[in-house]
Structure formats: C-alpha cells, structure tokens
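Visitor: One letter stands for each residue in the lines below.
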Amino acid sequence: MAIDTLPESSLPVTRPFRVKFGFLTSTPIIAVATICLVLIILMAIFAPLLAPHDPLLLTPAQRLKPASAQYLLGTDAYGRDLLSRIIYGARISLIIGIGAAVCSIAVGLLIGLVAGFFRWVDAVLMRVMDGLMAIPAILLAIAVVSLSGASIWTVMVAITIPEIPRVARLVRSVVLTAREEPYVEAAISLGSSLPKIMWRHLMPNTIAPLIVQGTYVCASAILTEAILSFLGAGISPETPTWGNIMAEGRAFFQIKPSLIFWPGLLLSIAILSINLIGDAARDALDPRMKQREGK
Amino acid sequence: MLGYLLRRILAAIPVMGVVALFVFLLLRLTPGDPAAILAGDNATPEQLDRIRTSLGLNEPIYIQFYTWVAKLLHGDLGVSLISNKPILEMIGPRLEPSISVALATIILSILVAVPLGVIAAWKHGTWIDRFVMGLSVLGFSVPVFVIGYVLIQVFAIDLRWVPVQGFKSISAGFGPFFERIILPTCTLSFIYVALIARMTRASMLDVLGEDYVRTARAKGIGEAGVLLRHALRNAAVPVITVIGSGFALLISGVVVTESVFNLPGIGRLTVDAVLARDYPVIQAMILLTSGIYVGVNLLIDVAYTLLDPRIRY
Amino acid sequence: MTTANPSNVVLDINNLVVGLGRKADAHRIIDDLSLQVHEGETLCLVGESGSGKSVTSLTVMGLQQKGTLVPSGGSVKLVGEELLTATDRRLRQLRATRMAMIFQEPMTALNPVVPVGRQIDEVLRAHTDLDSRARRQKILAMMEHVRLPDVERIFSSYPHRLSGGQRQRIMIAMALVLEPKLLIADEPTTALDVTTQKQILALIRDLQRDHGTAVLFITHDMGVVAEIADRVAVMRHGRLVEAGPLQDVLRNPKMDYTRNLLSSVPSLVPRAPRPETSEPVVLEANELSKVYRERSLYGKAREVAAASNVTLTLRKGRTLGIVGESGSGKSTVARCIVRLIDPTSGGVRLAGREISDLSRRLLQPHRQKIQIIFQDPYRSLNPRVTVGESIAEGPINYGMPRKDALVRARELLELVHLPPDAISRYPHQFSGGQRQRIAIARALALDPDVLVADEAVSALDVSVQAQVLDLLDEIQRRLGIALLFITHDLRVAAQICDDVAVMQRGRVVEQGPAAEVLTNPQQAYTRALLEAAPGRGWDFANFRPVSEGIVATA
Chain A
1169 MAIDTLPESS LPVTRPFRVK FGFLTSTPII AVATICLVLI ILMAIFAPLL APHDPLLLTP
1229 AQRLKPASAQ YLLGTDAYGR DLLSRIIYGA RISLIIGIGA AVCSIAVGLL IGLVAGFFRW
1289 VDAVLMRVMD GLMAIPAILL AIAVVSLSGA SIWTVMVAIT IPEIPRVARL VRSVVLTARE
1349 EPYVEAAISL GSSLPKIMWR HLMPNTIAPL IVQGTYVCAS AILTEAILSF LGAGISPETP
1409 TWGNIMAEGR AFFQIKPSLI FWPGLLLSIA ILSINLIGDA ARDALDPRMK QREGK
Chain B
150 MLGYLLRRIL AAIPVMGVVA LFVFLLLRLT PGDPAAILAG DNATPEQLDR IRTSLGLNEP
210 IYIQFYTWVA KLLHGDLGVS LISNKPILEM IGPRLEPSIS VALATIILSI LVAVPLGVIA
270 AWKHGTWIDR FVMGLSVLGF SVPVFVIGYV LIQVFAIDLR WVPVQGFKSI SAGFGPFFER
330 IILPTCTLSF IYVALIARMT RASMLDVLGE DYVRTARAKG IGEAGVLLRH ALRNAAVPVI
390 TVIGSGFALL ISGVVVTESV FNLPGIGRLT VDAVLARDYP VIQAMILLTS GIYVGVNLLI
450 DVAYTLLDPR IRY
Chain C
262 MTTANPSNVV LDINNLVVGL GRKADAHRII DDLSLQVHEG ETLCLVGESG SGKSVTSLTV
322 MGLQQKGTLV PSGGSVKLVG EELLTATDRR LRQLRATRMA MIFQEPMTAL NPVVPVGRQI
382 DEVLRAHTDL DSRARRQKIL AMMEHVRLPD VERIFSSYPH RLSGGQRQRI MIAMALVLEP
442 KLLIADEPTT ALDVTTQKQI LALIRDLQRD HGTAVLFITH DMGVVAEIAD RVAVMRHGRL
502 VEAGPLQDVL RNPKMDYTRN LLSSVPSLVP RAPRPETSEP VVLEANELSK VYRERSLYGK
562 AREVAAASNV TLTLRKGRTL GIVGESGSGK STVARCIVRL IDPTSGGVRL AGREISDLSR
622 RLLQPHRQKI QIIFQDPYRS LNPRVTVGES IAEGPINYGM PRKDALVRAR ELLELVHLPP
682 DAISRYPHQF SGGQRQRIAI ARALALDPDV LVADEAVSAL DVSVQAQVLD LLDEIQRRLG
742 IALLFITHDL RVAAQICDDV AVMQRGRVVE QGPAAEVLTN PQQAYTRALL EAAPGRGWDF
802 ANFRPVSEGI VATA
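Protein chains in written order, with our numbering: chain A, 1169 to 1463; chain B, 150 to 462; chain C, 262 to 815.
Because the hints were derived from the structure by calculation, they are not lab data. Everything numeric in this text was worked out from a predicted model, so none of it was measured. Backbone N, C-alpha and C fix where the C-beta goes; we use that ideal spot for every residue, glycine too. Errors might be hidden in some of the hints.
To be verified - A few chain A positions that, by computed beta-carbon distances, are all more than 10 Å from chain C:
| hint | residue |
| --- | --- |
| 1 | S1357 |
| 2 | P1372 |
| 3 | D1451 |
Unchecked claim - Keeping only pairs whose Cα atoms sit at most 30 Å apart, straight-line, the calculated DSSO-like set for lysine-lysine is:
| hint | chain 1 | residue 1 | chain 2 | residue 2 |
| --- | --- | --- | --- | --- |
| 4 | C | K515 | C | K327 |
| 5 | C | K327 | C | K399 |
| 6 | C | K577 | B | K272 |
| 7 | C | K338 | C | K327 |
| 8 | A | K1364 | A | K1233 |
| 9 | A | K1364 | C | K664 |
| 10 | A | K1364 | C | K630 |
| 11 | C | K515 | C | K577 |
| 12 | B | K317 | A | K1424 |
| 13 | C | K664 | C | K515 |
| 14 | C | K284 | C | K327 |
| 15 | C | K442 | C | K459 |
| 16 | C | K442 | C | K399 |
| 17 | C | K284 | B | K272 |
| 18 | C | K338 | C | K577 |
What the hints assert, rightly or not - Quick list of the computed label-pair ranges, beta carbon to beta carbon:
| hint | chain 1 | residue 1 | chain 2 | residue 2 | range |
| --- | --- | --- | --- | --- | --- |
| 19 | C | T574 | A | E1348 | 55 to 61 Å |
| 20 | B | G371 | C | E548 | 43 to 49 Å |
| 21 | A | D1290 | B | L174 | 50 to 56 Å |
| 22 | C | G282 | A | Q1238 | 58 to 64 Å |
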C-alpha cells in the first residue's frame, strides 16, 4: 500500500503546454541529425539562390552528362541539371511532410478527442478508422491521386488520409487513460464543464505524444510522396521532386546510377534525421520511457 | 474460444464494409463526371457510354452500391476498362510472385528481427542495443526502392551472384526461383525487420521490468530461461500485433519491390492499372489487399488466445 | 523464541552500504547497515517508505537494479558465504536452494502465461536432478503443505484463475520447495485482505517452525510485526534506528523515531464516543444499488451487484465509516453518492434534495455540496496545473472571480497547514502527505456539506496518516462538515468514525455506533474481520498490550 516517495529533485518537471527542446542536442547523433535537417530546410528555402541552373531547363544536347564543373552532379535524360533538381526537390518533400503532419494531427486530434470522450460515436468512428487502416497506405494514396489528378495538394491529401487513423487512435488511448485519472474525476466533482475538463486536464496529456507522432508522420509522408512519384502516380513528372528524379532514373539505372543514388541519399538522410529526432523527442517527452530508464 | 472467434469474425465485417464504402465513394465523390475522369481527356462519347454502362453509373447511387456489393459478394470483382477481362482472371496468374516474396519476407524478418530485439533489450543501453536501434531507424528511413537498387548494383551487377530482375515460377525448379526472389525478399525485409525488432525490444524492455521476471530470477534459473520462457512469451503479444498491423506496410512494399525487380505480381498489376487509369482494377486491388490484411489480423487475434491464457471469453 | 547465538547465524549483514550509482560520493540508499538473522527466527524489518528496507532484501538476493543500486561497502554473508562478491553463477545456485524470496504483489509476481505448477517445477528443474514424476509429486506435496485445496487442478491452472491468497501460497510453495535456510518476505501480505493476511501469516509461521527457516520479514505494518516477529529492526533513511526482541521494542523503544512510529499507529479500541447530536441530516442513501451487466454474445447477460440496498444516514458534523475488504462495494457506494457513477436504483438525498435521478446538467448546482478525496495522492492532482489553480478551479466553476478564488485558495492552504506560497507551485514539489492536504483544500474550497474520503489515508505512511487524520478531525470541528470515510483499515475507522457500516459483497452486514460495532460485533463477518486485524492484542501508542491497558484503567 505504501507508495515510495522519490527524492523531490528526481521528479520530472511537467508544465502545461511547455515542451523543452533541449533533447535536440542530447547526443552527438541527434545533434548531427538536427544539423542535417536544418541544412535541408535552408536548402529548400533558399533553393533559387543555391541552384546553379534552372531545374526545368531542357538542354537536349547535354543529356546524361557525367559530373563536371558545369554540372556538378551531371544531367538527366532531358539534359536538366541534376543538382538543381535535387535542391528544388527538397521543397516539395518538406511541404508534403510538414503539411501531412499538421493536417493529420489536426484531424486526428479532433476525431480522437471526440471518440475518447463520447461513447456513442466512439464505436462508429473507430470502425471507420479500422477500415482506413486496413487499406495499405500506398494503394489508398494511388487511388486518390489517380482519380483526382496529381497536384501537390491532392498528393498531400492522399498521403494525409491513411495517417489520420493512427493519430486518432493515439489521442483516443491517451484520453481514455487520462479520464480514469483521479484528478479528472476530481474535476468532475468540482463541477467543471466538459470543454474545460477536455482543455485543461485531457489535452495537455496529448501534446507530447502528438509531437512525437508528428515527426513520424512527417517522415513517412516524405517517404510515401517519393514512392508515389517513383511509381508514376505522384506530382507531374517535370516538377522536380526526389521521387520524380529517381523515377526517371529507373530507365537509365545501368548507365547512370547517380540519378537514383543522389536523390535517394538525400531522401534517406532527411527521413533518417526526422526519425532520429522523433525518437529523441519520445525519449525526452514520454514519461513512461523516463520511468523505465530511471527505475 | 469459439465465441471469441465468432466475435472477431463479426467485428471484421464492418471493417471490410468501411473499406468497400470508401472505395465506392471515392470514385463517386470526386468532383466531376466519374466516367470522364476514368476515360481521360481524349475520350469519345462512345467510350464514356461504355464506361457508364459497365460501372452502372446511370443508376441512383444507392442502387449502384447495392449491385456493386452484391456482385462483390458473388466473387465478381468487375471488368478491366482496358483489357475488358474479368479482374479475377487477371489476378490469378499474378499471385505466385507476390505471395512468394511476401511469405519469404515474413519468415526471414521474424527470424532476424526477434533475436535482434531480444538481445537489444537484454543488453539495454550497450553498443549492441544502439546498433540494433540504429539499424532499425535506418530500415524505416531508406526508401524500399533505394535499398532495392543498391542490392541490385552490388549483388547482381558488380558481383553477378544473381540475375538482375525477373521471376521464374517454382515449378521451373527451386534454384532459378530462389535466385530471383532472394534480392526482392532482402529488400522488403529491411523495413519489416526494423519494425519487428523495434517492437520486440520495446516490449521486452517492458516485460523485463515486470515482477514475474524478478520472481524468475529469484528462482535461480539461467538468464536464457528468464529471457525466453518468461520474458519473450509475455512480450509476444505486442510483437505479433505489429507483425499484423505491419502487413499493410508489407503490401505497400510489395507493390514497390515488384516494380524495382520487374516481378509480374499483383503489385505490378496495380501500378500498370494506375498508369493506364484502369480504376476498376485499382479498386479491386484495394479490396483484395484490405481483405488479406483483415484476414491476417484475424489469424493474429486467434494467435493471442494461444499465447495468453487470459484472453479467452 | 530463539536466543541470539553466533553459531546459528544464517544471514549476517555487516556495515552494508548501497549507493545510487557507481560514484564514490553517490547518495547512500543503505548506509552502514548491520543485522543478523538466526536459524528459526523471524526478524521483522520495519520502516516507512524510502527507508531502504526493500533495497536491503533485494541486495541480499543479488536482484537489485544493476548499475543503479551499487553495494559499495560492507558484507552480506549467507551461512558464512560472502554474497556481495559472489559470481552471478554462484548467486543463481544459491537462490531457491539456500535463500528464497516472496514478494508483495501476488497478482503480478507470477508469470501470467505459464501454469503455476510449471512455475514451481522450474525451480526443481534448475536445481535438482529429479525425474518428472518425482518432481510432480514433490510439487503436489508442497502445494498441500501450503494448504492449497484441489492441488491437481491448481497445478495446471494459470495464475489469473487463482485468488490473491492462493497465488501467494503458490509463491510460498515455490520459495520453500527446496527448503532454503533463509526466506525473505517483502511485504507479502500488504496487498491481501485482512482475513487472507491472517492465514498467510499463520502459514509462514508454521512452515518456519517446521523447517527451522530463518525469515527476514519486511513490512511497514506494526500490527503484522506484533503477529510474526521474534526480533524487530527499525530502519529510516537507509540506516538502522534500533533493533531488539519484539517485546523490548514495542514496550520500551529507545529511540524517539521508534516511539513516534509506534504512537502513530491508531488503536483498534474505538475512541470515546462523541455525544449524539440532533443536527440535521445532510446525506441519506436509500436502498442504493449498483448492478453491472456484462453482456456476452450469446447466453444471458451476467449481472454483478457491486452494491445492493445500501441505506446510510449522515448528520452534520458527524463521521460515518464504511469498512470492508476489497470487492465489498464500499468504493462503489462512495462513487454513486458523489455521482461519479450512476446508481442503478435507490436514492441519494443531499441536504434534503433527491439527487440520484438528476441529469448531469441539473446536478451541476448540487455538486458543490458534496466533495471527494481519493486514495492515491500522486494521481489526484493534475501534474500540469499549479496548486493554486487546482484549488481555485471549483469556486471559479461556481462563478467566483478568479482573483477571489485565488485568495480563498491561500486561506485554505493555511487551513490545511501548508505555506501560502505553495499556491504557485506544482504538485510534484510536494510529498504524498502534502498532496493529500492539497486535495483536501481543493475539496473544501466549495464549502461542501459532505466530504467523502475514499481510502484517503491508505496510501500514506503511518506517521503521515496520523497527521492527515488529525487534520480531518480538526477541520470537522471547525467547519462542522460531515465526513463519509471509506476504509479497509479497522484501526483508522476506530479512531475517526462515530458510526460504522460494515460491507461485504455489496451489502451492509452491520451498522451502528463505532464503539459498539467494533467492540461488540453482532455479525459473524464483523467478528471475523476484527479477529483478523493484525496486532489486535497490542495498544502500540501506549507501548503495552491491550489487556494490560484494560487492567490499568479498571
């Protein structure tokens, strides 16, 4: 029955809606990941300044040129500068990644809160989420894109939809656990209204897991966008995206593998960095992990 | 036990219902004339008419849904808009490569990932743990097709150990069959190993903190016994759950891998359908793969009852 | 009673130091601890939470968290063999054969996916060469020895099929099957009901007598100490406070800490009854019932009555206790009354107004008249909200301006003896007892007529418990509030309640003034409950057995 008292100083300090970002430099690997990600973001923002050529400029005379002083990474099958296309490609990837993360969290949070607090819609909402989860993400995205045409927005919607169920389920489970907490019951008996209980006592519990989930969604969205482009079901081929560059490179893989390797490498580094940051965030923010470590 | 099984099966029905409804509504709710969307920009009025009749688009929407579902339940997945062949017939010959690669991937992944996860949890905080975790993050981060092309470059082009692409049926002999599925399997295993190893580690870490593990240690039994008999059996439920939910990931992976390795499987069928805007085929593939996903997870629900005696209603 | 005799020392701990981490200046969890346990003797290691008593036991077994808790000095000898420097292999050999351990939580200490017979079998397989038939026979014999019924069936049962008491018997069988010299029991009865506790304590005592085992018994409960100890060692902050034979320590504690600890133990003899009052009735429960329906796919719905026909009356300024074991429905009743759950039938009248059939919206204005405090002080305050905001939440809900509500929070903190500057701090900066005071202040902020305390002191150390009980008493006298006090602890009930209702399986089996029910029970169940209360022969606070007290006052 007795509950052991921990020394006061060892207890984690939790504040409402306040998240510390110190974990971004907690280990050398995370620090490198953070730097890589910052560099890629800067590259996307300042693409017009950094790219040596117009990424869309066709120079048929310069097809599939190897790396040279003029074309640092060579050219593609249409004589476009590979480096410039890769630099511009970062823009699409990041827009899709961040956009999908924000949208799926906004929608998922709403669905999760409603499902977690209202029994009567919970069953229906969760069946719908189960159904969405049963459809493989790529196929779902393919279907959406193939019907509504391939603009950056439809691709973003197509990628966001399959991510929603996971966010919703996460929020729902956090809410279901938290509403059993005595402090929530205390709030009920103090006569607090439902919106107040949700906002003050339930929502703050979802912040940390959602930040973590957001990074994972971002990484997986970037990956899915590349796969869609690669399969020919993504944004129109002349747009420079990492997936499109690689899709075009497939035909020339045996002649000029760098068309796949360079964008592939950058894509991998971007996703790896985001995933590593996500893991670090989880370790830093998830109290369950902390308990496990500090027991 | 039987009641539990029955309930799981009943619970799967609304899930498939949602999938069917989603697929059905997707075409109808997309802005614009569905027939025009499917036929593309250069369609003749005759083509549009043919699509309308073939999909029953002239009927009221609820009747469309009713006839469509009724056909589905009779095993009629519809007809391709391009080749005019029944989709079921198109799928049949495509199953072998896909199933071979998927099965081989599951087996290989479990054999590799579970021991990795167990060791990482056991040696928690050491370099082994960090190595396994690093490998797993890498597996999540590198796109399947990049891994595929790297493997092709190294093992098929540089070392010439295996053919670059293509598929040979197992009926043509195990050797050629094996040669051609080994690279796709390894490619696809990366992400699945990452997923399972990560979950095994996390689940083992949870379980290793449990009281009954302390009890087992207090009994003076060896560390291997503690890890396998006590910890792993209890850690298994989340692990097989993730094997099941990761199945959707696996199916997506199969689609990509088949494109990279030029395997004539259902993934290629889907990609070809996308490029040709053959929506009935895409629709059928979604239903089929979702059905497989639901079926696999049903099996996993049954496996729970074998692993955990407390789940038995 | 075995006398101390150096030749038969089984466990010999000398100047043990256990640090938190490997650094030389690490915080010492165990600091210079020395104690001996002799053959056939039970040494009770007593202490409040954080005293290091569990760490001591785990260190002996070599089961302490490696790398976190590091034994950095002294020695631990088991029958002359040093354990601190023993190899892992040697420690494994010694476990279960020379030293064995049973734990607090029988619900989690057994592997849920392995039949219990096989879990005992593992001990034999690891340490003996017996064939499977011989092992099975030995196990069944041992299971009978720990007085388990129907051993063949239990042998192949999974843990979740067994009751808490049965599981603890399995743990004991597992620990003693190879007749170890030393048995370490870490709070083995704390999670059990008193009636089961009594049986388990008797079992441990009998087995020890039969086998001459040395027992190191860890507990926080003085009652249990009085039942089972030959000698007592009191620990605090990792240090030994005092040690000696049971009678010496209980009658003539030498150290102030021990004296305080003993005087904090509430007496089972009810306090002098307060005069009956004719104050108005503030809370009435009429034939209150709560039925849970479990629906199954086919077959009929199963109904479980968590509470049936509970009738209670509580007057202003009085305290009504609901006592009972786990599963008796006492908390269900409390939660129905506060309307955290909806009763299935029956009525609740609050200050003369029927509230049980009001919708949540209509209930809103009445909520402020009845408030509840919960058991777990670590979970009853939102960790992200300051203490002041927590206390002010209720008054703000009922229309008080924020500024006034915070002023009120300050006053309330003073009322519960906390500094007013606590208002801007977060819950994690407070200890368990302080948090419970904050929870009380929060409940009082709405000026309720009735305060429901659901096991509100059960999670607290005995000295803190005494302070919180004093506080509740003081508040009641000052504010005239009525208290509905739910507890499993008869000692606590005896000291705070005017009236007591005893519950068993959802029903009130006996009800009346505390002084009568707890000294002259009419029902068999109440009698059994009282007889099972550990250490009921002792009046700890007065350092004497109850019988001597009666002689002295007669």
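Visitor: Each hint should be assessed against the structure and marked as holding or not.
Guide: We went through each hint and held it up to the structure:
A beta-carbon of chain C is positioned within 10 Å of the beta-carbon of S1357(A); the least distance is around 5 Å. Consistency note on P1372(A): stated as away from chain C, yet its beta-carbon is not over 10 Å from all of that chain's, at 5 Å minimum. Non-interface call for D1451(A) relative to chain C: holds, since the shortest CB-CB distance, roughly 17 Å, exceeds 10 Å. For the given pair, K515(C) sits about 36 Å from K327(C) by alpha-carbon distance, which is inconsistent with the 30 Å threshold.
Simply put, K327(C) and K399(C) have alpha-carbon atoms about 34 Å apart, too far for the 30 Å limit, and the pair is violated. Pair hint K577(C) plus K272(B) does not hold up; C-alpha atoms about 61 Å apart against a cutoff of 30 Å. At most 30 Å may separate the alpha-carbon atoms for a hinted pair to count; K338(C) and K327(C) meet this at roughly 19 Å. Our distance criterion of 30 Å between C-alpha atoms is broken by K1364(A) and K1233(A), whose separation comes to about 64 Å.
As the CA atoms of K1364(A) and K664(C) are separated by approximately 19 Å, the hinted pair is consistent with the 30 Å bound. Distance restraint check for K1364(A) and K630(C): the Cα-Cα separation of roughly 20 Å lies within the 30 Å cut-off, and the hinted pair is therefore satisfied. Restraint check for K515(C) and K577(C): not satisfied, since their Cα atoms lie roughly 43 Å apart, outside the 30 Å limit. Taking the CA atoms of K317(B) and K1424(A), the gap is about 28 Å. The hint holds against a cut of 30 Å.
About 51 Å separates the Cα atoms of K664(C) and K515(C), which puts this hinted pair outside 30 Å; it is violated. Between K284(C) and K327(C) the CA atoms are separated by roughly 14 Å; this keeps the pair inside 30 Å, and the hint holds. This hinted pair checks out: K442(C) and K459(C) have alpha carbons roughly 24 Å apart, not beyond 30 Å. For a cut-off of 30 Å, the pair hint linking K442(C) to K399(C) stands: about 18 Å separates their Cα positions.
Restraint check: the Cα-Cα separation between K284(C) and K272(B) comes to about 22 Å, which is no more than 30 Å; the hinted pair holds. A distance of roughly 60 Å separates the Cα atoms of K338(C) and K577(C); the hinted pair therefore is violated under the 30 Å criterion. A hinted range of 55 to 61 Å for the beta carbons of T574(C) and E1348(A) is inconsistent with their spacing of about 31 Å. At about 59 Å, the CB distance of G371(B) to E548(C) disagrees with the hint of 43 to 49 Å.
For D1290(A) paired with L174(B), a C-beta distance near 22 Å fails the hint of 50 to 56 Å. For the hinted restraint 58 to 64 Å between G282(C) and Q1238(A), the CB-CB distance of approximately 60 Å keeps it satisfied.
Violation of the numbered hints given earlier is confined to hints 1, 2, 4, 5, 6, 8, 11, 13, 18, 19, 20, 21; the remaining hints are satisfied by the structure.
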